[in-house]
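Asks: Residue numbers (my numbering), protein chains in the order written: chain A, 1 to 564; chain B, 1001 to 1320.
Since the hints were made in silico from the structure, they are not lab data.
No experiment lies behind these values; they were computed from the predicted model shown.
For glycine and all other residues, C-beta sits at the position ideal for the given N, C-alpha and C.
Incorrect hints may have been included.
As the list claims (entries may be wrong) - If you want a taste of the chain B side facing chain A, the calculated C-beta under 8 Å gives, among others:
#, residue
1, Trp-1094
2, Met-1106
3, Met-1107
4, Thr-1108
Listed here are the chains, written in short residue letters.
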Amino acid sequence: MSSWIIDRRALLGAVGQLGGVALAGQATPGWAKTLSQGGAALPSSEVLSGEAITLRIGKGHVTIGGKPAKAITINGTVPGPMLRLKEGQMLRLTVINELDEPSSLHWHGLVLPFQMDGVPGVSFPGIPPRSSFTYEFPIVQHGTYWYHSHSGLQEMMGCYAPIVIEPAEALPAPLPSMREHVVLLSDHSFVNPARIARNLKVEADYYNRQPQTLSGLMAGHELSMDQRLMWAKMRMSPTDIADVTASVMHYLANGHGPDENWTGLFTPGETVRLRFINAASMTFFNVRIPGLAMQVVAADGQDVQPVTVEEFQFGAGETYDVIVTPQNRAYTIAAETMDRSGMARATLAPAAGMAAPVPPRRARPLLTMKDMGMDMSGGAMKGMSMKMRDGSLAPQVKMGPGVDMISAMPEDRMGDPGIGMGDVGHKVLTYRDLVALHPNPDLRAPEREIEVHLTGAMERYMWSMDGKTMSQAHEPIPMRKGERVRFTLVNDTMMAHPIHLHGHIFELVTGHGDHSPRKHTVTVQPGGKASFDVTAEPGDWAFHCHLFLHMAMGMMRVVQVRPA
Amino acid sequence: MTHRCAVALAALAALALALPAMSHAQDTMPGMDMGGHQHHHAPAPPAQQAADQPAAPAAPATEGASDEPKGTDQSPGSAEPPPVAHDLAGSRYWDPQAMAQAHHAMMTERPAPLYGAVKMDIAEYQFGKNGDSWRWEGEGWLGDTNRLWVRSRGEGPVGGRLEDAEVEAAYSRAISPWWNLQAGVRQDLGTGPVRTHAMLALEGLAPYRFEMLAAAYLSDKGQWTGRIEASVDERVTRRIVLQPRVEFNLSAQDMPQQRLGAGLTTAELGFRLRYEFSRKFAPYLGVSWTWAGGRTADYRRADGESPLARVFVLGIKSWF
Ligand SMILES: [Cu+2]
Chain A
1 MSSWIIDRRA LLGAVGQLGG VALAGQATPG WAKTLSQGGA ALPSSEVLSG
51 EAITLRIGKG HVTIGGKPAK AITINGTVPG PMLRLKEGQM LRLTVINELD
101 EPSSLHWHGL VLPFQMDGVP GVSFPGIPPR SSFTYEFPIV QHGTYWYHSH
151 SGLQEMMGCY APIVIEPAEA LPAPLPSMRE HVVLLSDHSF VNPARIARNL
201 KVEADYYNRQ PQTLSGLMAG HELSMDQRLM WAKMRMSPTD IADVTASVMH
251 YLANGHGPDE NWTGLFTPGE TVRLRFINAA SMTFFNVRIP GLAMQVVAAD
301 GQDVQPVTVE EFQFGAGETY DVIVTPQNRA YTIAAETMDR SGMARATLAP
351 AAGMAAPVPP RRARPLLTMK DMGMDMSGGA MKGMSMKMRD GSLAPQVKMG
401 PGVDMISAMP EDRMGDPGIG MGDVGHKVLT YRDLVALHPN PDLRAPEREI
451 EVHLTGAMER YMWSMDGKTM SQAHEPIPMR KGERVRFTLV NDTMMAHPIH
501 LHGHIFELVT GHGDHSPRKH TVTVQPGGKA SFDVTAEPGD WAFHCHLFLH
551 MAMGMMRVVQ VRPA
Chain B
1001 MTHRCAVALA ALAALALALP AMSHAQDTMP GMDMGGHQHH HAPAPPAQQA
1051 ADQPAAPAAP ATEGASDEPK GTDQSPGSAE PPPVAHDLAG SRYWDPQAMA
1101 QAHHAMMTER PAPLYGAVKM DIAEYQFGKN GDSWRWEGEG WLGDTNRLWV
1151 RSRGEGPVGG RLEDAEVEAA YSRAISPWWN LQAGVRQDLG TGPVRTHAML
1201 ALEGLAPYRF EMLAAAYLSD KGQWTGRIEA SVDERVTRRI VLQPRVEFNL
1251 SAQDMPQQRL GAGLTTAELG FRLRYEFSRK FAPYLGVSWT WAGGRTADYR
1301 RADGESPLAR VFVLGIKSWF
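The shape of chain B in the complex, shown without the other chains:
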C-alpha cells in the first residue's frame, strides 16, 4: 500500500512540475524550425528593413555620395542618456505639496483598486438511474495579478443530505502570463469524515486553451490526495459552446472511511452544451460519466453500487 502511495504521489508531483515546463516548451512557435541556433540577440537596427526606404540609416547610400541622408534619414548616434532627476518639474510652478499628491495619485490610480469575481462553472441538477442529485462547482477571487482565491464544490441527493462538499481558500500568485501557483487550505463538509487539508495547486490556461487545475492535498490525518481537472470551450456558434471536461482524483493511500482506494479513485468525463445569453448567464445541458478505479471500485461494489455512473445534467454557468 505504501508503494502505491509513493507512486501516486510521485505521479502527481511530476505532473505539477511538468505543467509549467510544458507551458514553456509550448511557447515555441508551432510549425517553425526550432533549431535554436542563430538567435538574434539584439533587436534589429531601426528602419533597416524596408527596401523602398530611400536611405537606410545603417548603410550609407550607395547610389551616390551626393545623396547625403537628410533629416530622419540619418542614423542615430550613441550618446548616453542623461541621469534621471528625482523631482517634479511641475513643482516649480505649482504648490509642491499639491503636485506631489497629484503625482502619487496618478502613479497609483487604477480603474479599480481591486478586481473580483464569483464564477459558477457548474450549478446543475443531475438525472441519474439511482436517483437525482444536485452539484455545484465554483470559484471566487479578489485582487489583481495576485489574488485571494476561494473554490467550492459539492453534491448531494435531491431531498437528502449534502454528501461531499469542500471549500478551499488560497493565495494565488501569477507565475506566468497563463499560470497561477496557489497555496491554501481546504475544509471538507458533508456526510463523510470531515478533514482539513493543506493545498498546493497549479491553475491556468494550457496550450490549446485548456483550462487546467492540478492540486495536491495533505489532510490533517497525513493522507495525500490529488486532483487534475481540464476543460476546453469549443465555440460551435457565437453563442453555443460545447465544453468537454475531464477530472481525475487520486489517492496515495487506502482510505476505507471515505471508501476510497489507493491510486486512481475516480475519473470523470463530461460534455456540457451551453447557450450564452450573455457571458455571465449560460444555461446548459449535458451528460457526465464517472468511473471508480481499482480499490475504489471494489468499495463501490461491496456497497452495492456500480463503479460506473452516468447522469444527464441541466444547469447554469454564470459569473458575476
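Pulled out of the complex, with its shape left as it was, chain A reads as follows:
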C-alpha cells in the first residue's frame, strides 16, 4: 500500500491542507508549532478533521534542546496530528504502519465498539509491519482526549497526539472561552525505553538522583536519624517517588523542550481554554501558571462544575480542561514532575517573543507513613498490628517475591491533592473537588464490588495486580453486559498509579451522588484506595496502569464483558 495517501478532508479542504504528506521531515505538527494562535485560528493541515482521516506511523526524530532524539512519529511528527472531531459524526481512520514491527493506535478515553479500541491481542490483532488497518466508529462524546500506540513501548518513543471533540450543538457552557490551546505534556528520552527498563531491573533506584544523604542529615535537612533508620529497616526509600526521572527524561510541552518554549498567544482579557493532556509514559506533572488562577471545567473530557485552583497534579493518561483569563503580560505554564526533578515549560503571551520568569523547581517531597497505608494519626488505631506484609489483610493477593507490601490500613485518598502537594501553600485540585456538570447517566446502585490490589516489589522492579502479572494471572476480570459494578482499587505499593479502563467513562465514588465526576483514568495514591462505579460495555477491554513500564511489567488485566 502506498503511503502517499491524501485524506479526503485535505482534498476538500482549504489551501495547504495536504494530509500528512507535506509534513514529512517536520519536527512538530502545526497545532503544536512553537508559536500558536490556538483554537479556531489554527491554520495548519496537521489538525485533521472530517469523516475520513489517514495516519502514518513511522520512524523519525523529535528535536530536544537542539539535538535529535529517535522517535516513533505519526505523520512524521511528535506529537502527531491533532484530530479535531465533532460529536455525532462518523469516523473512518486508516492507519498505515510503516514500521518493521507491529503497531496500533488506541483512542484513549473514547467510548466505541471494543473491536475498534486498538489494543493488540485484546480488541484486534494489531497492525502488522508495513500494512494498514481501518478503524471505523461513531463519535458519541465531546471533550479533550488523546490517542497513542498500544504496541510495545512505542508510546514512550513519541507515538501520541491529541483529540479534541466539539459538542454536537453548542451547549451553554458555564464558562465560555474565546480561544483555546491544547497543552500536551510528555516525556522523551535519548535512551531507548527497553534500556531504561533494563537499568531499572538491575538497579530499581537507578534514576533516583535525589536520595537522602548523610550530608543532608548533618545539615539537619529533612528526616531525622530515627526516621531514616525506620525507612532503612523497611528496606524502602522515602525518596522513591518516580522510578524514571529527569536524569534520563526530557519533559516536553506540545513537543517542545523548556528552552524551545512553546508559546500560546491570546488577546488580553480573553477567556482562554487550555486543554491539558498528560501523554507522558512515566511521569506525573504538577501544573500551575504563576499569577493566573485556573478554573477546571472538564476532567478526562467530561464537563465538571467550574472549580478554581492554583495547581493540579495529574498522572499519565489523565486530561484537564481549565479556563484562564490572562491580562496583558506573559505567563509561564510550569509543569514540574511529581518528584520535582524536572519541568516541562510553556508560555502564554499576548505577543510573540514575550516570556515570564520560570519558577524554580521546589524541594523534592518525601513519602510519608500515609503512603504506606499506615497513617497513624487516628488514635483509634493504637494497638493494631502494623505489619508491612500481612497477606491475611488481602486474601486475594498472591504473596511472593513480587509483593513487598500490603497496605495495612488503606485510606480513601480521593480528597488528597497528590504527593508533595499538601503544603505548597495554595489550592491544589483533588478528585473530591470535582462535581459533574450534568446528572450521571446511570444512577443504579452497583450490584457488586470488584476489589483489585495494585501490587509490586520495588527492589525487583516488579509490578502486578493482586500479586500476579497479567501473564501469570491470564484470566480476565469477568463482567455482565450492562451490569453496574463498583471497582475498588487498593494501592499496596509506595508509588502512585494512574489506572485506565478502556472504552468506559466511570463515576468516581467521592460522595457526590448523582453528580459524581466522570473519568477514564484514576490515580490511586500510594497506600490508598480509590473507588469508581461503572456500567459494563460489551467486549474485551484493557485495564492497566498508564505508566508504561508498569504496564509492560504486568500491572494490567483484561476486563471481559459478555451478554448476561
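Following the hints, put chain B with the ligand in place on chain A, whose structure we already have.
Replies: Showing chain B with the ligand alone in chain A's frame:
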C-alpha cells in the same frame, strides 16, 4: 577437631536459617505496637472513612430518611460475578487465528525476554606492607525473577601468580521480595589446592538495607566451609558513597594444605569511599583489614606472616 567442625557448621546453618526468619520478623513496622491482637482480617468497606462524605454507603444516612443516597453514594450489592469465558471477543470480528496469535504475544511480551548484568563490586589495586596485590570480586546474572547466577573472586600479588581464585555458578530462586536462595557449584583456581564445592547460599537485602550473602560449601574432599558477607551503602552526598563491608570465613575442620584452621579462619573489615560518575562507573579508595583467627593465625605465624594485614586500596566499582 570434629567437635569444632560440628559447632562451626551448626553456627553457619543456624545463620542461614535465621536470615529469612529475621527478614520476616523485620517486616513488622518499627515503632508500632506489635501486640498482634485485633488484626482486621478483611479490607475495610469502601468509602467509609472520610467524614466529609455526605453518605457513607455502609451506614444509611442518619440526618433524615428523605436524603436517600443517590448514584455512587449507594453501597454495592453482593451479586456473584459471572463465569469467565474462555474465548476472545475479538475473534468474532477479526481472523481468529491472527487474534489468538496477537493475544499470545500480548500475554508473553515484555520489554526484554531476559535481563542480565555483570557487576564488579571490587576491582582494586592493594597497597600492602609486604607488597602490592590485585583483587577482584564480581557477579553476573541472567534471567528475571529467578536467575542463573555467576560469582567470581580472586587475588594475587602484583607480578606474581594468582593466589586464590574461585568461580561459582548457581541457580538463584527468589524466595521473598528481598531474598534469593542459590544452589550451585564453586571451582577453586590459583596456587592452592584446586577443589570443587557444592554451594548453598542465601543472598539478598536485609533490614537496614544491608547487602548480605551467607554461603555454605562442601568440597569434593568432604570439607565444610562457609562465608558471610555484609555491606551497606551510606550516601554521603548524591555522588559520594561510603561502603563499610565485613566478611567472615569459617571452616568446619583443619585444612593444613590450605593453611586454614577450624573455626573462624579470617575476618575482614573494609571501608571504601566511591565517587559515582554514574551508577555504572564509580572509582573508589579505601582501607581494608584482614585478621586470621584461631588455628589459621597459628599457620600464618608459622609461615612467617602476620595474622593481621592492612591494605590501602584503589579501585573501580562498575556494572554493565
Ligand atoms: Cu503503575
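Asks: Hints broken by the structure, by number, lowest first?
Replies: none
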